[in-house]
Amino acid sequence: MIPKDHLFDFMLIHADTSLIISQRLSEWCGHGPVLEQDMAMTNLALDHIGRARLLYQYASELENAGRSEDELAFLRDELDYKNLLLAEYPNTDFAFTVTRQFFLDAFYIDLLDKLSGSADSRLAHIANKSLKETQYHYKWSSDWMIRLGDGTEISHEKVQNAVDRLWEYTGEIFQPAECELGMMEAGVAPSYEELSDSWHQRVNSVLAEATLKKPQSTWQQKGGKTGHHTEHLGYLLAEMQYMQRAYPGLDW
Amino acid sequence: MIETHYNSETKQRIERAIQVLETVSDPEIPVLSVLDLGVIRQMKIVNQLLHVDITPTYSGCPAMKVIELSVEAALLEAGLGPVQIHTVIDPAWTTDWISEEGQRKLREYGIAPPNTAERIARLKGDAPRIACPRCGSEDTVCVSEFGSTACKAFYKCKSCLEPFDYFKCH
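So the protein sequences, as listed, match chains A and B. Just add 25 to the spot in the first sequence (first one is 1) and you have this note's numbering. Just add 527 to the spot in the second sequence (first one is 1) and you have this note's numbering.
There may be inaccurate statements among the hints.
Unchecked claim - Now the in silico label distances, taken between C-beta atoms and shown as ranges:
#, chain 1, residue 1, chain 2, residue 2, range
1, B, R646, A, S216, 48 to 56 Å
2, B, K651, A, S146, 15 to 23 Å
3, A, N89, B, D653, 47 to 55 Å
4, A, A233, B, R646, 55 to 63 Å
To be verified - Taking lysine-lysine and the DSS-like style, the derived pairs with C-alpha atoms no more than 25 Å apart in a straight line are:
#, chain 1, residue 1, chain 2, residue 2
5, A, K164, B, K571
6, A, K247, A, K139
7, B, K592, B, K651
8, B, K538, B, K571
9, B, K651, A, K139
10, A, K164, B, K592
11, A, K139, A, K157
12, A, K164, A, K238
13, B, K685, B, K632
14, A, K29, A, K164
15, A, K157, B, K651
16, B, K632, B, K683
17, B, K651, B, K685
18, A, K239, A, K164
19, B, K683, B, K651
20, A, K164, B, K683
21, A, K164, A, K139
22, B, K592, A, K157
Claimed, not checked - Chain A side only, calculated, beta carbon under 8 Å to chain B, not exhaustive:
#, residue
23, E61
24, A65
25, L71
26, F99
27, L100
28, R101
29, L104
30, K157
31, K164
32, L191
33, D222
By construction, these hints were calculated from the structure, which means they are not laboratory data. Note that the structure is predicted; figures quoted are calculated from it, not measured. Beta carbons: idealized from backbone N, C-alpha and C, even for Gly.
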């Protein structure tokens with residue numbers, strides 16, 4: 026048996042990551058470089074909101090403290106969010122958004138695949154549902170990495186810059202938090218070492234096809250999973266939580 | 528959907544419910560009923576309460592809430608209440624559950640129905656060939672993997688030059 030608080034924390038890491046990346050992607054609504062990509066990014070955002078809901082609902086039941094999915098999503102403070110730092114990084118430009126998405130999708134496609142066979146059946150069902158969606162996300166983000174990297178001189182430069190800048194946020198993904206270690210031990214979550222290997226394989230092959238260079242630096246940021254965030258998250262939360270804070274219990 | 532041990536009264540209520548659900552349509556694709564779409568997974572009656580299991584197509588699809596409400600409202604209106612709606616995510620919805628009738632309706636509506644050959648082509652790494660719902664030509668090109676709703680991709684026919692939606696395999 027895994028302690029309930031480990032499961033709860035694990036749900037929050039991934040629910041928060043989905044919620045925050047969804048909020049970021051939604052910022053593109055009406056601002057996409059072309060109409061089709063505006064729609065693509067908002068579609069991704071929608072899938073992530075859906076996944077976040079399923080995970081928050083489960084987390085809410087695990088916690089069993091009367092906090093609803095909405096309260097978990099909208100009424101916690103910055104230090105209580107456990108999302109990956111990568112998810113909160115600002116959109117910056119289309120190349121950054123695509124690269125951020127690609128780094129996350131290349132992780133989630135394998136994590137969800139493994140979790141769909143998890144010993145925790147509720148988690149397995151959620152993972153199985155989300156995996157189908159993430160396969161489309163991965164196709165979109167890896168296609169665009171190649172298209173931009175192997176595109177014009179300017180698009181190449183922009184996406185290489187995004188890869189270099191975002192690289193320091195990728196190491197954290199595979200540094201297991203306490204809850205993740207507990208879940209690995211119980212056989213509920215897969216080994217992050219294995220996941221890291223398959224992530225690097227995916228990244229190597231897409232970067233090579235995109236004629237992009239893999240950054241050599243090894244220094245990595247960390248802190249998202251324990252609530253130590255970059256300066257960007259506070260601004261995002263201020264905007265995202267405004268309605269629930271101003272009108273508590275607001276529904277539509 | 529109808530269990531054999533039901534008595535005739537219970538059976539009738541479920542049969543009526545199925546008839547009613549044939550008239551409840553998907554808010555985004557109004558030619559499809561919720562039965563055509565394959566989102567109604569089970570109906571059963573326990574202690575006079577009609578339980579309806581609904582599965583979401585895409586987990587964030589905003590139409591799901593509307594579908595739940597319209598199913599409940601239609602059943603209540605037909606006097607088949609009390610009703611309880613449950614959301615189930617396992618097994619995950621697949622486009623294989625869209626009925627043949629649903630596929631035909633989609634094509635007539637101008638949306639290319641999901642194509643199993645697409646899934647096989649993807650496995651082999653080939654580009655899937657989607658037939659244009661207007662002229663039937665397979666000389667089509669994907670404009671965007673993501674269309675006007677979560678379940679569709681956007682295509683263009685190179686023969687008749689018409690753009691069209693493709694209900695993607697899921």
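For each hint, the structure was consulted:
Look at B/R646 against A/S216: about 30 Å separates their beta carbons, and that is not inside 48 to 56 Å. One distance hint, 15 to 23 Å for the beta-carbon pair B/K651 and A/S146, is violated here, with the actual separation near 32 Å. Taking 47 to 55 Å as the suggested C-beta distance range, the pair A/N89 and B/D653 conforms, at roughly 49 Å. A hinted range of 55 to 63 Å for the beta carbons of A/A233 and B/R646 is inconsistent with their spacing of about 27 Å.
Pair hint A/K164 plus B/K571 does not hold up; C-alpha atoms about 40 Å apart against a cutoff of 25 Å. A hinted pair counts as satisfied when its Cα atoms are at most 25 Å apart, and A/K247 with A/K139 qualifies at roughly 24 Å. For the hint linking B/K592 to B/K651, the alpha-carbon distance of about 37 Å lies beyond 25 Å, and the restraint is violated. Between B/K538 and B/K571 the alpha-carbon distance is near 10 Å, which keeps this suggested pair within the 25 Å criterion.
Proximity of B/K651 to A/K139 is assessed by CA-CA distance (about 22 Å); at most 25 Å being required, the pair is judged to hold. In summary, the hint linking A/K164 to B/K592 is not supported, as the alpha carbons are separated by about 28 Å, beyond the 25 Å threshold. Proximity of A/K139 to A/K157 is assessed by CA-CA distance (about 13 Å); at most 25 Å being required, the pair is judged to hold. For the given pair, A/K164 sits about 20 Å from A/K238 by alpha-carbon distance, which is consistent with the 25 Å threshold.
With a C-alpha separation of about 23 Å, the suggested pair B/K685 and B/K632 falls inside the 25 Å cut-off, and the hint holds. For the proposed pair A/K29 and A/K164, the alpha carbon gap of about 35 Å is over 25 Å, so the pair is violated. Of the supplied pair hints, the one linking A/K157 and B/K651 holds, its CA atoms being roughly 18 Å apart against a limit of 25 Å. Between B/K632 and B/K683 the CA atoms are separated by roughly 20 Å; this keeps the pair inside 25 Å, and the hint holds.
A C-alpha spacing of about 24 Å is found between B/K651 and B/K685, which places the hinted pair at or below 25 Å, so the restraint holds. For the hint linking A/K239 to A/K164, the alpha-carbon distance of about 20 Å falls within 25 Å, and the restraint holds. As the CA atoms of B/K683 and B/K651 are separated by approximately 23 Å, the hinted pair is consistent with the 25 Å bound. Under the criterion of a C-alpha separation no larger than 25 Å, the hint pairing A/K164 with B/K683 is consistent with the structure, at around 19 Å.
Note on A/K164 and A/K139: the hinted pairing holds, with a Cα-Cα distance of about 19 Å set against a maximum of 25 Å. With a C-alpha separation of about 21 Å, the suggested pair B/K592 and A/K157 falls inside the 25 Å cut-off, and the hint holds. Here the hint on A/E61 is kept, as its CB sits about 4 Å from the closest CB of chain B, short of 8 Å. The restraint placing A/A65 at the interface with chain B holds, with a minimum CB-CB distance near 4 Å, inside the 8 Å limit.
The interface hint given for A/L71 holds, since its Cβ lies 4 Å from the closest Cβ of chain B, which is under the 8 Å cut-off. For A/F99, the suggested interface contact is broken, since its CB lies about 16 Å from the closest CB of chain B, more than 8 Å. At its closest, the beta carbon of A/L100 sits 21 Å from a beta carbon of chain B; the interface hint therefore is violated under the 8 Å criterion. Proximity of A/R101 to chain B is violated relative to the hint, the smallest CB-CB distance being about 21 Å (cut-off 8 Å).
A distance limit of 8 Å between C-beta atoms decides the matter here; for A/L104 the minimum to chain B is near 27 Å, and the interface restraint is violated. Nearest Cβ of chain B to the Cβ of A/K157: about 6 Å, under the 8 Å cut. The hint holds. Here the hint on A/K164 is kept, as its CB sits about 6 Å from the closest CB of chain B, short of 8 Å. Contact between A/L191 and chain B, as hinted, is not supported at the beta carbon level, the nearest pair being about 23 Å apart and thus beyond 8 Å.
With a cut of 8 Å, the hint placing A/D222 at the interface with chain B is violated, because the nearest CB-to-CB distance is about 23 Å.
Consistency note: the structure conflicts with the earlier hints numbered 1, 2, 4, 5, 7, 10, 14, 26, 27, 28, 29, 32 and 33.
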